[in-house]
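A.B. asks: Spelled out, the chains give:
Number of protein chains: 2
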Amino acid sequence: MTHKVALLGFGVVGQGFVEILEERGDFISDLLNEEIKIVAISDIKKGSLYHPEGLNLSKLIETVSQTGSLDAYPDTSGLIRGWDSFQTIQESNADTVVEITFTDVKTGQPAIDHCKLAFKNKKNVVMSNKGPVSLAYQELAELAKTNGVRWGVEGTVMSGTPSLRMPIVSLVGNNITEIRGILNGTTNYILTKMEEGLSYTEALVEAQSLGYAEADPISDIEGYDAQYKITILANLIMNIPIKREGVERKGISHLTQQDIQWAKSEGKRWKLIAECSKNGDEVVTKVGPRAIPINDPLAGVMGVQNAITYNCDLAGQITLIGPGAGKNETGFSILIDLINIIRGQL
Amino acid sequence: MTHKVALLGFGVVGQGFVEILEERGDFISDLLNEEIKIVAISDIKKGSLYHPEGLNLSKLIETVSQTGSLDAYPDTSGLIRGWDSFQTIQESNADTVVEITFTDVKTGQPAIDHCKLAFKNKKNVVMSNKGPVSLAYQELAELAKTNGVRWGVEGTVMSGTPSLRMPIVSLVGNNITEIRGILNGTTNYILTKMEEGLSYTEALVEAQSLGYAEADPISDIEGYDAQYKITILANLIMNIPIKREGVERKGISHLTQQDIQWAKSEGKRWKLIAECSKNGDEVVTKVGPRAIPINDPLAGVMGVQNAITYNCDLAGQITLIGPGAGKNETGFSILIDLINIIRGQL
Numbered sequence: 001m002t003h004k005v006a007l008l009g010f011g012v013v014g015q016g017f018v019e020i021l022e023e024r025g026d027f028i029s030d031l032l033n034e035e036i037k038i039v040a041i042s043d044i045k046k047g048s049l050y051h052p053e054g055l056n057l058s059k060l061i062e063t064v065s066q067t068g069s070l071d072a073y074p075d076t077s078g079l080i081r082g083w084d085s086f087q088t089i090q091e092s093n094a095d096t097v098v099e100i101t102f103t104d105v106k107t108g109q110p111a112i113d114h115c116k117l118a119f120k121n122k123k124n125v126v127m128s129n130k131g132p133v134s135l136a137y138q139e140l141a142e143l144a145k146t147n148g149v150r151w152g153v154e155g156t157v158m159s160g161t162p163s164l165r166m167p168i169v170s171l172v173g174n175n176i177t178e179i180r181g182i183l184n185g186t187t188n189y190i191l192t193k194m195e196e197g198l199s200y201t202e203a204l205v206e207a208q209s210l211g212y213a214e215a216d217p218i219s220d221i222e223g224y225d226a227q228y229k230i231t232i233l234a235n236l237i238m239n240i241p242i243k244r245e246g247v248e249r250k251g252i253s254h255l256t257q258q259d260i261q262w263a264k265s266e267g268k269r270w271k272l273i274a275e276c277s278k279n280g281d282e283v284v285t286k287v288g289p290r291a292i293p294i295n296d297p298l299a300g301v302m303g304v305q306n307a308i309t310y311n312c313d314l315a316g317q318i319t320l321i322g323p324g325a326g327k328n329e330t331g332f333s334i335l336i337d338l339i340n341i342i343r344g345q346l
Numbered sequence: 001m002t003h004k005v006a007l008l009g010f011g012v013v014g015q016g017f018v019e020i021l022e023e024r025g026d027f028i029s030d031l032l033n034e035e036i037k038i039v040a041i042s043d044i045k046k047g048s049l050y051h052p053e054g055l056n057l058s059k060l061i062e063t064v065s066q067t068g069s070l071d072a073y074p075d076t077s078g079l080i081r082g083w084d085s086f087q088t089i090q091e092s093n094a095d096t097v098v099e100i101t102f103t104d105v106k107t108g109q110p111a112i113d114h115c116k117l118a119f120k121n122k123k124n125v126v127m128s129n130k131g132p133v134s135l136a137y138q139e140l141a142e143l144a145k146t147n148g149v150r151w152g153v154e155g156t157v158m159s160g161t162p163s164l165r166m167p168i169v170s171l172v173g174n175n176i177t178e179i180r181g182i183l184n185g186t187t188n189y190i191l192t193k194m195e196e197g198l199s200y201t202e203a204l205v206e207a208q209s210l211g212y213a214e215a216d217p218i219s220d221i222e223g224y225d226a227q228y229k230i231t232i233l234a235n236l237i238m239n240i241p242i243k244r245e246g247v248e249r250k251g252i253s254h255l256t257q258q259d260i261q262w263a264k265s266e267g268k269r270w271k272l273i274a275e276c277s278k279n280g281d282e283v284v285t286k287v288g289p290r291a292i293p294i295n296d297p298l299a300g301v302m303g304v305q306n307a308i309t310y311n312c313d314l315a316g317q318i319t320l321i322g323p324g325a326g327k328n329e330t331g332f333s334i335l336i337d338l339i340n341i342i343r344g345q346l
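Chains as they are written, first to last, in this note's numbering: chain X, 1 to 346; chain U, 1 to 346.
Because the hints were derived from the structure by calculation, they are not lab data. Since the structure is predicted, the reported quantities are computational estimates derived from the model, not experimental observations. Some clues are possibly wrong.
To be verified - 27 angstroms max Cα-Cα, derived BS3-like pairs, lysine-lysine: (1) 264/U with 264/X; (2) 193/X with 145/U; (3) 264/X with 278/X; (4) 116/U with 268/X; (5) 193/X with 37/U; (6) 268/X with 45/U; (7) 37/U with 145/U; (8) 327/X with 145/U; (9) 250/X with 264/X; (10) 193/U with 264/X; (11) 145/U with 193/U; (12) 278/X with 327/U; (13) 268/X with 4/U; (14) 264/X with 122/U.
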């Protein structure tokens, strides 16, 4: 058996995923009793390839790393070049579309349209882009269900750390009454450095020089990134159909060394906390800096790490800490969604 | 559809599980499209009941809480009393046996014999007792497999926190090269209190007065409890067929305030760390006090909480923090194993 995959977009995440597949494909085939094959890649800048029997993974990696494009991928019988993303979705024989295009987080496009077309064509979708999930979760989840296909989005929050699957699968049966998280690595890095004595501006500059800040630093610093992610958590885990705009939001740019020192003197530590709680019909969702007690499990989360605490009425207070980003980490998030789709597991 | 369950033992965990089932049975039935029914309870002190159509949950709770026994459970047509555990396994119509008898952790009995008999009778087993799993994992897992039944042991490490299922299901595909954990709440509580200035003996007495120390305090303090649990983690998650005796072990009873202060001055904190690492053919498994850097995710785990860090070659360093014990927590661990057996999920 083979499970055929089309990649839309071939940037860092896509290349990371193909490298993982190349390196441990045999292990995964043995595990699943089914081989994962990449049949198509369509990238707006690097070009497009389609072969119904599958592309050669090591040649894909070699070609793109040497030339920055897919044009030099060797011709073989049956190879088709030049399909755009929509053609790839409709005309390829892929079972699953991995949507990792460069997508505008504010509109969720073109990913949202890719999802819709894939679902209508009875293809599963896996993605790691938070925008489309945050903006259109209810609509897209419904469309996937109607068409009898799956939508994997594990990588949208905490990359390969199972922040969505762990509560949905392994904590089912609990009433999860509250979620509190450190969902943005850049701001957590800045706050960690401010504790070490740097000013806000010095810490920000350091974060930028290390490449931690996203393309638009405002998105991190003012809490928009965390706002997207808590929206996803609220929808998927707590079944609260909230939109991003409904989440109260405040960033960390107003914090000073004086604030940091005050928290220290109180046995506390500043963290940018995204939270969602449900008490009967009352729902609270917000993002903002909080001075939390030093013995809170989230207080020990330093640097670019992310973390989430789930308050479960039976299993208790459970915290998951892990990386928020990374090539291998996000590549793995794609793989685990595929594994679960192939296994027919939640 | 119904899934029929026999409970061997009806102490705190069993009563917690029945209470959960009574309180949210409808939710679970809707979730699974299948009703979980308790058909038998066999407790060496409280008595035994069997009814092929199922026992009344609220009457069970009422009877045991009012009388401390099952003898006063009302007679109904078809009710059988007095079966011992072996009869219950062999003669009841249960699909799954929940093994929660009072078991000698050093011999694993009678739980090991109960497991064997259940598997041979094509019945699944769910248990939360670490002894039998730590002592006989390879043999029992093989026996369950041969007989086409399942063995759920989530509650043996970190009660309802998915310390076993999360890595096995949601991190599959990774090479997990190292596991490091705080697996004993009592010692972590003592170390937390010593940081607050108490002597070792004062902290131990406080832990005992709060009921945190297990029946035999030596098991906690000298690292035996953690030794059992790291043995389970090594076998289940890293596929290392080690026995408990093979795990190097040292406790915390020799630590003094001077040691605590020295660690503080070095930016470190003492924790009783159970660890297992694999590097090619070289396997290291040990339990002992370590002074770990304050920014290690395990350093922030205070009081009776437990935690495990999994080093994954793709998904990165992932830490799970949660309760190590508790009536609801362990009751939930039984429920989640049953849910996964009924769903046919790993």
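A.B. asks: Please go over all the hints and tell whether each is borne out by the structure.
C.D. replies: Here is how each hint holds up against the structure:
1. 264/U with 264/X: 16 angstroms, holds
2. 193/X with 145/U: 52 angstroms, violated
3. 264/X with 278/X: 30 angstroms, violated
4. 116/U with 268/X: Judged against 27 angstroms, a Cα distance of about 52 angstroms means the pair is violated.
5. 193/X with 37/U: Violated. Residue 193/X to residue 37/U sits at ~55 angstroms, over the 27 angstroms cutoff.
6. 268/X with 45/U: Violated, at roughly 49 angstroms.
7. 37/U with 145/U: Status holds; Cα separation ~24 angstroms.
8. 327/X with 145/U: Between residue 327/X and residue 145/U the Cα gap is close to 37 angstroms, so the pair fails against 27 angstroms, i.e. violated.
9. 250/X with 264/X: Holds, because 21 angstroms separates the two Cα atoms, which is no more than 27 angstroms.
10. 193/U with 264/X: 20 angstroms, holds
11. 145/U with 193/U: 45 angstroms, violated
12. 278/X with 327/U: 24 angstroms, holds
13. 268/X with 4/U: Violated, because 50 angstroms separates the two Cα atoms, which is more than 27 angstroms.
14. 264/X with 122/U: 59 angstroms, violated
Hints 2, 3, 4, 5, 6, 8, 11, 13, 14 from the earlier list are contradicted by this structure; the remaining hints agree with it.
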